[in-house]
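**Q** Here are the chains, one letter per residue:
2 protein chains.
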Amino acid sequence: MIVTVTANAALDVTYTVPTLTVHGSHRVSSVTQRAGGKGINVAAVLAQLGHEVVVAGCAGGPTGEQIRRDLDVRGLSHRLTDLVGDSRRTVNVVDADTGDATIFNEAGPAQPKSTFDALVRDVVRLVQEVRAQVVVLSGSLPTGFPADAYARLVTQVHEVGVPVIVDADGETLALAVAAHPEIIKPNSAELASATGESDPVTGAAALRALGARDVVVSAGADGVLMLPAAGGNLRARLATPLSGNPTGAGDALVAALAAGLAGGRSNEQIVRDAVAWSAAAVLQPAAGQVDPTDVTRLESQVRTEEIV
Amino acid sequence: MIVTVTANAALDVTYTVPTLTVHGSHRVSSVTQRAGGKGINVAAVLAQLGHEVVVAGCAGGPTGEQIRRDLDVRGLSHRLTDLVGDSRRTVNVVDADTGDATIFNEAGPAQPKSTFDALVRDVVRLVQEVRAQVVVLSGSLPTGFPADAYARLVTQVHEVGVPVIVDADGETLALAVAAHPEIIKPNSAELASATGESDPVTGAAALRALGARDVVVSAGADGVLMLPAAGGNLRARLATPLSGNPTGAGDALVAALAAGLAGGRSNEQIVRDAVAWSAAAVLQPAAGQVDPTDVTRLESQVRTEEIV
Numbered sequence: 001m002i003v004t005v006t007a008n009a010a011l012d013v014t015y016t017v018p019t020l021t022v023h024g025s026h027r028v029s030s031v032t033q034r035a036g037g038k039g040i041n042v043a044a045v046l047a048q049l050g051h052e053v054v055v056a057g058c059a060g061g062p063t064g065e066q067i068r069r070d071l072d073v074r075g076l077s078h079r080l081t082d083l084v085g086d087s088r089r090t091v092n093v094v095d096a097d098t099g100d101a102t103i104f105n106e107a108g109p110a111q112p113k114s115t116f117d118a119l120v121r122d123v124v125r126l127v128q129e130v131r132a133q134v135v136v137l138s139g140s141l142p143t144g145f146p147a148d149a150y151a152r153l154v155t156q157v158h159e160v161g162v163p164v165i166v167d168a169d170g171e172t173l174a175l176a177v178a179a180h181p182e183i184i185k186p187n188s189a190e191l192a193s194a195t196g197e198s199d200p201v202t203g204a205a206a207l208r209a210l211g212a213r214d215v216v217v218s219a220g221a222d223g224v225l226m227l228p229a230a231g232g233n234l235r236a237r238l239a240t241p242l243s244g245n246p247t248g249a250g251d252a253l254v255a256a257l258a259a260g261l262a263g264g265r266s267n268e269q270i271v272r273d274a275v276a277w278s279a280a281a282v283l284q285p286a287a288g289q290v291d292p293t294d295v296t297r298l299e300s301q302v303r304t305e306e307i308v
Numbered sequence: 001m002i003v004t005v006t007a008n009a010a011l012d013v014t015y016t017v018p019t020l021t022v023h024g025s026h027r028v029s030s031v032t033q034r035a036g037g038k039g040i041n042v043a044a045v046l047a048q049l050g051h052e053v054v055v056a057g058c059a060g061g062p063t064g065e066q067i068r069r070d071l072d073v074r075g076l077s078h079r080l081t082d083l084v085g086d087s088r089r090t091v092n093v094v095d096a097d098t099g100d101a102t103i104f105n106e107a108g109p110a111q112p113k114s115t116f117d118a119l120v121r122d123v124v125r126l127v128q129e130v131r132a133q134v135v136v137l138s139g140s141l142p143t144g145f146p147a148d149a150y151a152r153l154v155t156q157v158h159e160v161g162v163p164v165i166v167d168a169d170g171e172t173l174a175l176a177v178a179a180h181p182e183i184i185k186p187n188s189a190e191l192a193s194a195t196g197e198s199d200p201v202t203g204a205a206a207l208r209a210l211g212a213r214d215v216v217v218s219a220g221a222d223g224v225l226m227l228p229a230a231g232g233n234l235r236a237r238l239a240t241p242l243s244g245n246p247t248g249a250g251d252a253l254v255a256a257l258a259a260g261l262a263g264g265r266s267n268e269q270i271v272r273d274a275v276a277w278s279a280a281a282v283l284q285p286a287a288g289q290v291d292p293t294d295v296t297r298l299e300s301q302v303r304t305e306e307i308v
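Protein sequence lines correspond, in order, to chains F and X. Following full-length UniProt numbering, the numbering of the first sequence begins with 1 at its first residue and continues without gaps. Following full-length UniProt numbering, the numbering of the second sequence begins with 1 at its first residue and continues without gaps.
Check before you lean on any hint, since a few could be wrong.
Remember, identical chains collapse to one label, so a pair may be satisfied in a single copy or spanning two.
Unchecked claim - Capping the alpha-carbon separation at 25 angstroms, the derived lysine to any residue pairs in SDA-like fashion look like this: (1) Lys113 - Pro146; (2) Lys113 - Arg27; (3) Lys113 - Ala174.
It is worth saying that the hints were derived from the structure and are not from the lab.
Based on the provided sequences and hints, a complete structural model is requested.
**A** See the structure below:
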């Protein structure tokens, strides 16, 4: 069983309009609403590929109810902690002609300290109750959460003996590594921004000096780098890169890491899955989706190599 | 007591962003949410100027709950009929620098015939229960409502002996006049579009041939034309036109008509109020707002004249 934590879950709303005109008035021709946030996307990919998963995190108010209801409809188990106020929305305005998106991200309501304390308590309780093998912490934090929220969550989850994967950026990532999560998954830009190092191997070493253990770097068309604390760096990529929708590719990659850690797979197997799962996500129109037949087909096209 | 009906009530959401960039990703720096729709704005203006009013119309789902809660917070009594599905939202993206708005209007969920039947039943019951003196029907209809919904509502309200004001446009207006509402309030463009006549007096005569009674035309800086079925056409305007935010000026004008009809005021008094109330709304940043001191001050600046 895998638990994913989406501290700042959102209702992702997509508006389709004929053409977006700045300062114009638009009749929205279609509206779709889905529970969103990186941890929810990770959970959705895991479920589609046959893994048992529970969604944790925070949701509140009527929008929180819509998030919970969408998870129900999609068959994703959830145990969300109430936040104070109404969950945030993202509004994604898509031009019908071109498919191009213009995105508006709400910050969500500021939270008192009690919300974070409740989340920690709920996650630890859930992890014990479902005997989780891995916990995934993904995405941004609600306003008002402590900057080291992920470090504190990692510590609490470690106390009950469960490994943790962190997918975060900026200060949230830099502070999280102090608690030694088993895997962190920055992309190339996030790693460079957190460390000032453009070379991923050097960047990973810099984060390891702060406490990081295994570092997995998503590098777009350059594939996935697995940089374990124990050495044996690997790069995996498709023989021929795919083009498509990169949104959600990182979440599918994290899903593969979680499944691999839960299943005790080798680093080489994990990094192959990571490439295949994220490539399968690129072929889908929305985040949190993969087609299992794409995954099977793409696995055979992954090439791995040792790097130094 | 006045009853306003907002068949297609919305939650009006305003996002402030630094600058709107087409196909960009925006962090929304502030989010405000208010119950919206023309009838709700009419009610809000009436309440601010000391008139008793109840909001009727349709709302449903979690967004409907937010609409109801905002009306509670604003101290506006309401008796909204449940619609099937979740009430629509409008998203208004405002550039922080310029104040310019880009608007996205959801259509809202399509309604079965039973929703309209329930609205008619609820409005008639409410009108009798609160002994309404005037009913106001304002704005668009939910998808799936009969095109002659306003005509049917007018007929039912007339059966219990209460006069009706209709503020609508297009086919909704053209069909509504067949039921002889006491006042219709098109703006110049709506009147021209409904009748093909650019002269308001000729246009009003064309609508009267279809069943209209008194016609009040809002003509922006040209003021307000009162074109009664019994004759005695009046024009009223400010000695010096104001500049500001025209959104909601029409709703404040309708509020003045409703208050005038309820209070048995003369046409000259009503048209003076209509100008002052709508001018006071122009001075406010959002629809459904007036400052009573502005109204008092502006009343003295209204000039009326007879027209033929």
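**Q** It remains to establish, for every hint, whether it holds in the given structure.
**A** Against the structure, the hints:
| no. | hint | verdict |
| --- | --- | --- |
| 1 | Lys113 - Pro146 | within (8 angstroms within a copy, 51 angstroms between copies) |
| 2 | Lys113 - Arg27 | between (41 angstroms within a copy, 24 angstroms between copies) |
| 3 | Lys113 - Ala174 | within (21 angstroms within a copy, 57 angstroms between copies) |
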